[in-house]
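Peer 1: Model the full structure from these sequences, guided by the hints.
Take a look at the letters that make up each chain.
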Amino acid sequence: MDTHLAVRARGVTKSFGDVIALDGVDLDVAHGQIHGLVGPNGAGKTTALGLLLGLAVADSGTLEILNTPVGRGLAAPGGVGGFVDGPGLYPALTARQNLAAVAALSGRRSRTAAVDEALAEVGLTDVADDRVRGFSLGMRQRLGLAAALVTEPRLLLLDEPSNGLDPAGKKHVHGVLTRLAADGVAVVLSSHRMDDLEALCSEVTILATGRVVFSGPLGKLAAENRALDYRLRTPDPAAARRIASSTAGIHVVDDTGTPRTDAGVLVVRALVPALDELVAGLVNAGVAVRELAPVVSPLEAAFLALTEQQEAAR
Amino acid sequence: MSGTVGTTRTGTTTTTAAGVAAAPAHRAPLSRTYRFELVKLLAQWRVRLLVLACWTAPALFVAGVSRQSTLPSDTLFGRWMHATGWAGPLVVLGFAGTWALPLLTSVVAGDVFASEDRLGTWRHLLVAVRSPRRIFVAKALAGLTVIMLLVAGLACSGTAGGLLAVGDHPLVGLDGHLLAPGTAAGRVLLAWSCVLAPTLALAGIGLLGSVALGRSPMGLLLPALVALGTQVAQMLPLPVAVRLALPGYAFTAWNGLFTSPAQTGPLLIGVVVGLAWGLLATALAYLLFLRRDFTGPADDGSGRRALTAGLLPLTALLAATTLILTQAAGAPATGSGIERNKVQRSLATAFAHLYRMQTSQLHRPAVTEAQLRATAACDKSDGRADPEGAGNDWRCVVTWYLPGVTAPGRAVYQLDITADGRYVADGDGPKEVNGYFLVRTPAGDAPNPLWQFDGNVELLATTSKG
Numbered sequence: 001m002d003t004h005l006a007v008r009a010r011g012v013t014k015s016f017g018d019v020i021a022l023d024g025v026d027l028d029v030a031h032g033q034i035h036g037l038v039g040p041n042g043a044g045k046t047t048a049l050g051l052l053l054g055l056a057v058a059d060s061g062t063l064e065i066l067n068t069p070v071g072r073g074l075a076a077p078g079g080v081g082g083f084v085d086g087p088g089l090y091p092a093l094t095a096r097q098n099l100a101a102v103a104a105l106s107g108r109r110s111r112t113a114a115v116d117e118a119l120a121e122v123g124l125t126d127v128a129d130d131r132v133r134g135f136s137l138g139m140r141q142r143l144g145l146a147a148a149l150v151t152e153p154r155l156l157l158l159d160e161p162s163n164g165l166d167p168a169g170k171k172h173v174h175g176v177l178t179r180l181a182a183d184g185v186a187v188v189l190s191s192h193r194m195d196d197l198e199a200l201c202s203e204v205t206i207l208a209t210g211r212v213v214f215s216g217p218l219g220k221l222a223a224e225n226r227a228l229d230y231r232l233r234t235p236d237p238a239a240a241r242r243i244a245s246s247t248a249g250i251h252v253v254d255d256t257g258t259p260r261t262d263a264g265v266l267v268v269r270a271l272v273p274a275l276d277e278l279v280a281g282l283v284n285a286g287v288a289v290r291e292l293a294p295v296v297s298p299l300e301a302a303f304l305a306l307t308e309q310q311e312a313a314r
Numbered sequence: 001m002s003g004t005v006g007t008t009r010t011g012t013t014t015t016t017a018a019g020v021a022a023a024p025a026h027r028a029p030l031s032r033t034y035r036f037e038l039v040k041l042l043a044q045w046r047v048r049l050l051v052l053a054c055w056t057a058p059a060l061f062v063a064g065v066s067r068q069s070t071l072p073s074d075t076l077f078g079r080w081m082h083a084t085g086w087a088g089p090l091v092v093l094g095f096a097g098t099w100a101l102p103l104l105t106s107v108v109a110g111d112v113f114a115s116e117d118r119l120g121t122w123r124h125l126l127v128a129v130r131s132p133r134r135i136f137v138a139k140a141l142a143g144l145t146v147i148m149l150l151v152a153g154l155a156c157s158g159t160a161g162g163l164l165a166v167g168d169h170p171l172v173g174l175d176g177h178l179l180a181p182g183t184a185a186g187r188v189l190l191a192w193s194c195v196l197a198p199t200l201a202l203a204g205i206g207l208l209g210s211v212a213l214g215r216s217p218m219g220l221l222l223p224a225l226v227a228l229g230t231q232v233a234q235m236l237p238l239p240v241a242v243r244l245a246l247p248g249y250a251f252t253a254w255n256g257l258f259t260s261p262a263q264t265g266p267l268l269i270g271v272v273v274g275l276a277w278g279l280l281a282t283a284l285a286y287l288l289f290l291r292r293d294f295t296g297p298a299d300d301g302s303g304r305r306a307l308t309a310g311l312l313p314l315t316a317l318l319a320a321t322t323l324i325l326t327q328a329a330g331a332p333a334t335g336s337g338i339e340r341n342k343v344q345r346s347l348a349t350a351f352a353h354l355y356r357m358q359t360s361q362l363h364r365p366a367v368t369e370a371q372l373r374a375t376a377a378c379d380k381s382d383g384r385a386d387p388e389g390a391g392n393d394w395r396c397v398v399t400w401y402l403p404g405v406t407a408p409g410r411a412v413y414q415l416d417i418t419a420d421g422r423y424v425a426d427g428d429g430p431k432e433v434n435g436y437f438l439v440r441t442p443a444g445d446a447p448n449p450l451w452q453f454d455g456n457v458e459l460l461a462t463t464s465k466g
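These protein sequence lines map, in sequence, to chains A and B.
Last residue of the first sequence: 314 (our numbering), numbering continuous.
Last residue of the second sequence: 466 (our numbering), numbering continuous.
By construction, these hints were calculated from the structure, which means they are not laboratory data.
Cβ coordinates follow ideal geometry from the N, Cα and C atoms, glycine included.
Treat the hints loosely; a few may be bogus.
To be verified - Some chain A residues flagged as far from chain B (calculated, every beta-carbon gap over 10 Å):
id : residue
1  : D23
2  : L55
3  : D85
4  : A92
5  : G134
6  : T151
7  : D166
8  : G169
9  : D236
10 : P237
11 : V283
As the list claims (entries may be wrong) - Distance windows between CB atoms, simulated:
id : chain 1 : residue 1 : chain 2 : residue 2 : range
12 : B       : T183      : A       : G71       : 19 to 27 Å
13 : A       : S60       : B       : R291      : 16 to 24 Å
14 : B       : R67       : A       : L137      : 36 to 44 Å
15 : B       : R291      : A       : T13       : 16 to 24 Å
16 : A       : S15       : B       : L52       : 44 to 52 Å
17 : A       : P91       : B       : L225      : 25 to 33 Å
18 : A       : N163      : B       : L52       : 36 to 44 Å
19 : A       : D59       : B       : L290      : 12 to 20 Å
Peer 2: Listed below in structure tokens is the structure:
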């Protein structure tokens with residue numbers, strides 16, 4: 001038993017009738033780590049979170065949560081909190097009532113203080129006594145996070161926590177999750193928002209059709225990945241094209257997929273070392289570089305590549 | 001799989017929580033789960049509206065109707081709403097058994113599980129409580145609490161309206177005898193208590209529908225549909241054993257509390273059958289709930305499961321109860337239980353009690369039921385049909401004797417007997433006995449108790465002499 005791990009899954013399988021939702025999944029999540037769970041629709045992310053939350057029992061394999069083997073019965077060990085498929089709030093109750101109920105059910109003693117603290121943490125103190133019925137999606141997401149925080153989890157599992165959040169709300173939530181991780185809480189996020197995962201996660205697990213196609217640090221993912229498309233914006237695209245074409249390892253992509261009015265943009269496909277050479281060449285030739293950024297994020301590119309490979313292999 | 005290093009994105013090694021043994025799963029205490037379920041139910045505007053309506057509407061209805069010149073004489077005890085405040089809660093009880101209680105149980109019990117499907121909150125609740133068993137028990141108890149609150153509201157409100165509007169006077173029973181106010185109060189309380197059994201049966205069916213059918217509206221409607229079905233069945237010429245085995249029989253069997261002696265046999269059977277239905281339906285709902293997979297996206301109930309797991313066992317219970325009643329309780333496996341002898345005995349008894357009341361109203365010399373020696377001779381369809389079963393073609397001649405008068409008095413009544421044994425006797429002469437709606441008393445005009453009155457034929461063979 002590895003005591004550094006909040007989650008340790010080996011060969012976990014779960015089926016619903018003829019549908020195999022998880023097929024021999026291995027997963028390790030360390031304490032203090034924010035771990036991303038990525039995959040296309042139907043990949044098994046929700047099922048995986050459901051198993052971790054104690055909502056279902058695996059058909060086979062072993063699962064240890066917070067150093068406790070999960071048995072055949074429902075319900076995860078204490079210290080696990082979070083939500084799957086939305087925050088699960090009661091619209092007829094106020095935000096405070098929703099949290100007070102969760103605090104009472106989780107056996108918290110100083111419930112009022114815990115509720116106030118959680119509301120303040122997610123920035124909902126001003127609407128604490130409003131009924132959830134009138135909340136926006138983003139407010140519900142934040143309240144769902146607060147409901148999880150009220151239980152003082154040591155393993156926090158969140159399904160699409162950034163859904164409906166405005167930039168300020170997203171930043172707020174990111175801050176909360178980062179602080180939790182710094183305090184040693186293991187956080188598992190399921191999301192389709194690659195920018196969120198890249199901003200938050202130290203490791204990701206990519207699922208496709210119930211199988212793990214990648215699991216590990218983001219850096220390793222980028223290293224394993226093929227060449228990416230980069231958008232290069234310069235005041236002299238013709239010179240840039242000429243230099244890019246003559247640089248080893250650089251392939252100019254003609255179909256930029258960008259509007260024709262954006263004439264200063266060039267898309268090149270390259271690995272990172274070749275990209276360094278291109279930048280040096282541009283600078284030496286006196287061509288200014290206004291922007292050089294991936295067209296899609298490395299994680300998204302890897303996600304697309306890996307999941308497409310998996311689909312093709314079926 | 002790689003990547004098990006406990007580092008944050010910034011690369012700082014974190015050991016804060018590492019190595020901490022997991023706490024055992026904290027299961028929320030039943031009391032807290034129950035309180036949460038109750039808070040959720042009472043936070044719904046429609047439940048609040050129902051509570052308000054149940055605690056106020058019967059009082060307003062009874063008080064209002066009691067002051068009208070026209071009374072709801074087609075409703076049991078409705079014709080006595082001018083005379084005593086204790087008739088009001090019984091009129092409300094009759095209405096509640098037919099309409100209100102099935103609908104209330106539908107709205108509360110039929111929705112208590114389905115609402116979580118509708119709101120998508122099952123997973124949240126399971127994570128918080130960590131025990132499907134406790135969730136089920138808490139939900140069932142919370143639903144039951146609200147239903148009891150609504151039933152109590154109907155009873156208390158109806159009683160308060162009657163007593164405030166009319167007063168605490170003796171109640172005329174279903175066989176015409178007078179119940180003192182204290183006795184009437186006890187019987188009214190008992191009658192309302194007895195209908196809790198079929199209400200629990202409907203609540204159990206509501207829970208089963210709510211669990212089995214998920215967010216389908218059929219789950220919500222199930223108690224009301226079952227109640228409607230049993231009411232239709234009660235109107236059909238079913239054998240007595242089948243009638244008594246239906247879960248809603250106690251909704252009408254409480255009538256037997258207002259005869260002397262009380263017809264407790266059918267009532268007790270109705271209560272036991274109602275409780276058995278409630279227990280079985282709740283147990284089936286419990287088993288179905290525990291077998292549910294909450295991560296299965298499509299697992300929110302299905303009609304097929306409801307059919308196999310719910311309908312078949314309940315049908316088996318109906319068959320078993322019918323068999324037991326036939327074998328052990330002496331309920332006839334065939335026949336309506338409405339026979340000439342029973343009708344004659346019931347009518348003569350009621351007539352004697354009411355004749356005595358009329359005598360008292362008119363300040364004539366007092367007579368007793370024993371002195372009257374009332375008897376009745378009844379036939380059906382002028383003798384062309386067997387004198388058995390429900391129908392509005394019963395015709396009876398009541399004969400009685402007055403002290404010191406050798407010639408008997410005779411009065412004719414047309415009886416409309418329904419399949420549950422209840423009848424309305426409509427006077428058909430002579431006019432000085434039962435021909436007029438009102439009688440002239442020294443204190444002014446008063447309703448003639450012999451003009452038209454309600455009665456009850458006990459369906460079981462163990463008929464009382466009352």
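Peer 1: It remains to establish, for every hint, whether it holds in the given structure.
Peer 2: Status of each hint after checking the structure:
Consistency note on A/D23: stated as away from chain B, and its beta-carbon is indeed over 10 Å from all of that chain's, at 14 Å minimum. The claim that A/L55 is not at the interface with chain B is violated, since a C-beta of that chain comes within 10 Å of its own (minimum 5 Å). Against chain B, the non-interface label of A/D85 is violated: not every CB pair exceeds 10 Å, the least being about 6 Å. The claim that A/A92 lies off the interface is violated: its Cβ sits roughly 4 Å from the closest Cβ of chain B, which falls inside the 10 Å cut-off.
The beta carbon of A/G134 is kept farther than 10 Å from every beta carbon of chain B, the shortest such distance being approximately 14 Å. A beta-carbon of chain B is positioned within 10 Å of the beta-carbon of A/T151; the least distance is around 8 Å. Distance check for A/D166 against chain B: the nearest CB is about 23 Å away, which clears 10 Å, and the non-interface claim stands. With a least CB separation of 20 Å from chain B, A/G169 remains clear of the 10 Å interface cut-off, as annotated.
For A/D236, the shortest C-beta to C-beta distance to chain B comes to about 37 Å, beyond the 10 Å cut-off, and the non-interface label holds. With a minimum CB-CB distance of about 36 Å to chain B, A/P237 clears the 10 Å threshold, and the non-interface call stands. With a closest Cβ-Cβ approach of about 30 Å to chain B, A/V283 is found to remain outside the 10 Å limit, as its non-interface label requires. The given range of 19 to 27 Å is broken by B/T183 and A/G71, whose C-beta atoms sit roughly 60 Å from each other.
The supplied range of 16 to 24 Å is met by A/S60 and B/R291, whose beta-carbon atoms lie about 20 Å from each other. A beta carbon spacing of about 54 Å between B/R67 and A/L137 contradicts the range 36 to 44 Å that was offered as a hint. Checking the proposed 16 to 24 Å range against B/R291 and A/T13 shows it holds: the Cβ atoms sit about 20 Å from each other. Between A/S15 and B/L52 the beta carbons are some 49 Å apart, a value that agrees with the proposed interval 44 to 52 Å.
Restraint check, A/P91 to B/L225: a C-beta distance of roughly 28 Å satisfies the suggested window 25 to 33 Å. For A/N163 and B/L52, the hinted distance range of 36 to 44 Å is satisfied, since their beta carbons lie about 38 Å from each other. Between A/D59 and B/L290 the CB atoms are about 18 Å apart, so this pair conforms to the stated range of 12 to 20 Å.
This entry does not satisfy hints 2, 3, 4, 6, 12, 14, going by the numbered hints stated previously.
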